[in-house]
Amino acid sequence: MNATKKRVAVVLLTLILLFATFGAPSIAQTTRGGADIAVVVHPETPVSDLSLSEVRQVLLGERQYWNSKLPVVLLIRAPVARERDVVLRVIYQMSEAQFKQYWVAKIFRAEAASPPKIVYSNDMQFELVSGIPGAIAFMDARNIRPGLKVIRVDGHLPGDKDYPLH
Amino acid sequence: MVRALLIFGVALLAASMSYAQNSTPTDQTEQVRVLLERVQQLEKRVTELEARQAQPQAATISAANEPTAQQLPAPQPAQAPAAAGPGPGQHQHEMQEQAATVQQMETHYPSLQIRGFGDVDFSATDLKGTTSGFNLGQLDLHLASALSRKVTYFGELTFNAHPTDYTVEVERNIIRYDYNDYFKISFGRYHTPIGYWNTAFHHGAWLQTTITRPDIVRFGGTFIPIHFVGFLAEGNIPSGGAGLSYNVGVGNGRGNVIFRPGDAGDNNNNRAWVANIYSRPRRFYGLQMGVSGYRDKITLMGRDFREWIADGYLVWTKETPEFLAEFVNVNHRQVLTDISTNSQAFYVQVGYRLPWFDRTLKPYYRYEYTHTPLSEQVFTNQDLQGSTIGMRYDISNYAAFKAEYRYTKREISNPWVNGFFFQTAFTF
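Residue numbers (this note's numbering), protein chains in the order written: chain A, 1 to 166; chain B, 1 to 428.
Keep in mind that a hint or two might mislead.
Said to hold, decoys possible - One-sided and incomplete, this derived list gives chain B residues near chain A with beta-carbon spacing under 10 Å: (1) A144; (2) F201; (3) H202; (4) V250; (5) R283; (6) G286; (7) Y398.
Said to hold, decoys possible - No farther apart than 20 Å at their CA atoms in a straight line, the calculated lysine to aspartate or glutamate pairs in the EDC-like style are these: (8) K409/B to D126/B; (9) K117/A to E234/B; (10) K106/A to E234/B; (11) K117/A to E97/B; (12) K100/A to D358/B; (13) K150/B to E62/A; (14) K161/A to D140/A; (15) K297/B to E322/B; (16) K150/B to E111/A; (17) K69/A to D85/A; (18) K409/B to D383/B; (19) K69/A to E44/A; (20) K106/A to E171/B; (21) K69/A to E106/B; (22) K318/B to E44/A.
Calculated from the structure, these hints are not laboratory results. C-beta atoms are modelled at their ideal positions from N, C-alpha and C, and glycine is treated no differently.
Please work from the sequences and hints to get the whole structure.
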């Protein structure tokens with residue numbers, strides 16, 4: 001093996017090691033196929049367009065009121081549901097463990113009184129969002145039903161090319 | 001000839017068929033007609049459903065965003081009796097079920113939640129006069145209870161092991177009224193909102209990466225007042241992408257025992273105040289930075305001191321990496337003599353959640369430094385410098401093992417001390 005080949009081999013090995021160390025996709029970078037996830041709220045909620053960072057603010061419990069009379073009621077699907085997976089990956093950018101720890105800490109810091117409410121099915125989610133004023137949830141866009149308000153995220157609706165939640 | 005016979009045969013067959021058809025009873029013809037109509041209706045219905053399913057999502061969504069009464073067309077029994085919607089009885093039943101689900105999930109008041117934190121520790125150092133061994137750490141109970149949509153109670157109690165007994169301490173006792181996101185007011189006993197660590201981790205060792213808190217916010221320490229009794233206003237500041245928030249409070253300040261707040265009343269006729277402003281820029285999710293100020297008058301053995309604490313911090317809360325840095329300056333000025341002293345302290349901590357083993361491992365390092373001048377009259381000497389290097393292993397979502405090596409030195413005349421520390425911390 002001549003010097004040039006050795007050098008190339010060393011460079012390749014270094015690149016492989018660098019990729020193995022730093023190139024592993026982060027939680028936020030991992031992408032999976034599937035339909036868009038719509039942000040849905042109770043029809044009387046006074047918002048119709050939020051940026052992704054505003055959605056994140058709501059989900060992190062940093063924004064707890066839509067207005068002074070209407071508190072935010074966070075609903076999130078139980079583990080394993082794809083909707084939860086997308087919310088954790090794109091919005092929270094946390095693993096399941098980090099998400100649980102985040103809410104334990106949030107309540108411990110007296111910043112919130114309770115964690116998001118867990119919902120176990122789309123039907124239940126639909127019933128709660130359409131029944132509780134101020135409720136916000138995340139739903140597979142194919143399962144959207146009348147009786148919910150779909151929020152634009154960064155100006156896009158599910159199905160749009162640049163819609164961020166999928 | 002053959003062709004003529006063939007044509008004749010076909011004509012005969014057609015004639016016989018035609019005859020046979022003409023002789024079909026009228027009721028059968030009617031049945032066929034009805035069936036054909038039915039098939040046409042069903043085909044139309046299938047086409048409608050297929051078209052609806054194939055609609056772009058945007059169309060469905062815009063339909064969902066329309067007022068409820070104008071949404072999906074009502075079932076059309078005349079067109080598709082078999083595919084008709086639920087009858088009034090079934091619809092009522094569904095409505096009742098929905099109301100029950102909503103009622104079940106709505107918060108009922110008061111809604112008390114209790115969470116506990118605990119830790120068991122082991123320490124071994126080469127500091128002369130100390131012994132190695134286990135200790136129980138703190139058993140911490142946290143209470144949170146929504147009393148109404150806008151009123152919430154928070155409490156924190158600790159049980160602490162001492163050589164001869166246990167003590168129970170009310171660490172926090174807060175009732176808060178939320179007007180909206182911009183204004184929340186509370187009364188009670190808090191962890192003083194100076195800097196980051198003191199209000200981020202409280203008494204739950206499981207929440208913090210390391211085994212112990214930095215020395216400047218050590219429980220029982222005096223560098224900053226850990227607790228505060230009074231009232232606090234807090235909330236977000238409309239600031240767009242800057243994500244500003246504030247805490248402003250007035251309270252009793254330090255008590256006769258300087259590391260305790262005036263739980264049972266102020267020891268002088270002067271209130272302390274605290275202000276904290278911090279930013280969580282929306283563009284840099286995970287970043288938080290802030291500044292705090294604290295002003296008090298301390299009365300110690302008949303002498304009055306003005307205390308002025310200034311704090312600044314910068315943290316990156318994501319764990320890949322985690323970065324915490326905080327600096328504090330404590331100024332004491334004796335009222336009578338006007339002699340002023342400044343004590344400084346800072347810590348820098350970095351950690352990184354490794355991508356392997358289900359992200360359960362997190363190595364970390366912390367450097368901390370505290371300096372109190374010899375002329376300081378309120379504090380005893382608190383000089384410290386040292387490094388901590390360790391590893392946290394999250395054995396489950398709610399429990400962790402931590403192992404640390406510390407190399408520290410207090411005061412110039414003291415020797416450097418090596419120490420190994422282990423902890424299992426958990427929440428339940």
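Verification of the supplied hints:
1. Given the 10 Å rule on beta carbons, the hint for A144/B holds: about 5 Å separates it from the nearest Cβ of chain A.
2. The interface hint given for F201/B is met, as the beta carbon of that residue sits about 8 Å from the closest beta carbon of chain A, less than 10 Å.
3. A hinted interface residue such as H202/B counts as satisfied when its beta carbon comes closer than 10 Å to some beta carbon of chain A; here the least separation is about 6 Å, so the hint holds.
4. Nearest Cβ of chain A to the Cβ of V250/B: about 18 Å, over the 10 Å cut. The hint is violated.
5. Given the 10 Å rule on beta carbons, the hint for R283/B holds: about 7 Å separates it from the nearest Cβ of chain A.
6. A distance limit of 10 Å between C-beta atoms decides the matter here; for G286/B the minimum to chain A is near 8 Å, and the interface restraint holds.
7. A least Cβ separation of about 8 Å between Y398/B and chain A falls short of the 10 Å threshold, and the interface hint therefore holds.
8. Under the criterion of a C-alpha separation no larger than 20 Å, the hint pairing K409/B with D126/B is consistent with the structure, at around 12 Å.
9. A distance of roughly 25 Å separates the Cα atoms of K117/A and E234/B; the hinted pair therefore is violated under the 20 Å criterion.
10. Distance check on the hinted pair: K106/A and E234/B sit about 15 Å apart at the alpha-carbon level, within 20 Å; holds.
11. Our distance criterion of 20 Å between C-alpha atoms is met by K117/A and E97/B, whose separation comes to about 18 Å.
12. With a C-alpha separation of about 15 Å, the suggested pair K100/A and D358/B falls inside the 20 Å cut-off, and the hint holds.
13. Annotation: proposed proximity of K150/B to E62/A holds, straight-line Cα distance about 15 Å (limit 20 Å).
14. For the hint linking K161/A to D140/A, the alpha-carbon distance of about 16 Å falls within 20 Å, and the restraint holds.
15. At roughly 36 Å between alpha-carbon atoms, K297/B and E322/B are farther apart than 20 Å, so this suggested pair is violated.
16. For the suggested pair K150/B and E111/A, the alpha carbons sit about 13 Å apart, so the restraint of at most 20 Å is met.
17. Between K69/A and D85/A the alpha-carbon distance is near 31 Å, which puts this suggested pair outside the 20 Å criterion.
18. Taken as a hint, the K409/B and D383/B pair is honoured in the structure, with Cα atoms around 8 Å apart against an allowance of 20 Å.
19. For the proposed pair K69/A and E44/A, the alpha carbon gap of about 12 Å is at most 20 Å, so the pair holds.
20. A threshold of 20 Å between alpha carbons decides the hint, and for K106/A with E171/B the separation of about 17 Å falls inside it, so the pair holds.
21. Of the pairs offered as hints, the one joining K69/A and E106/B holds, with about 16 Å between alpha carbons and a cut-off of 20 Å not exceeded.
22. For the proposed pair K318/B and E44/A, the alpha carbon gap of about 35 Å is over 20 Å, so the pair is violated.
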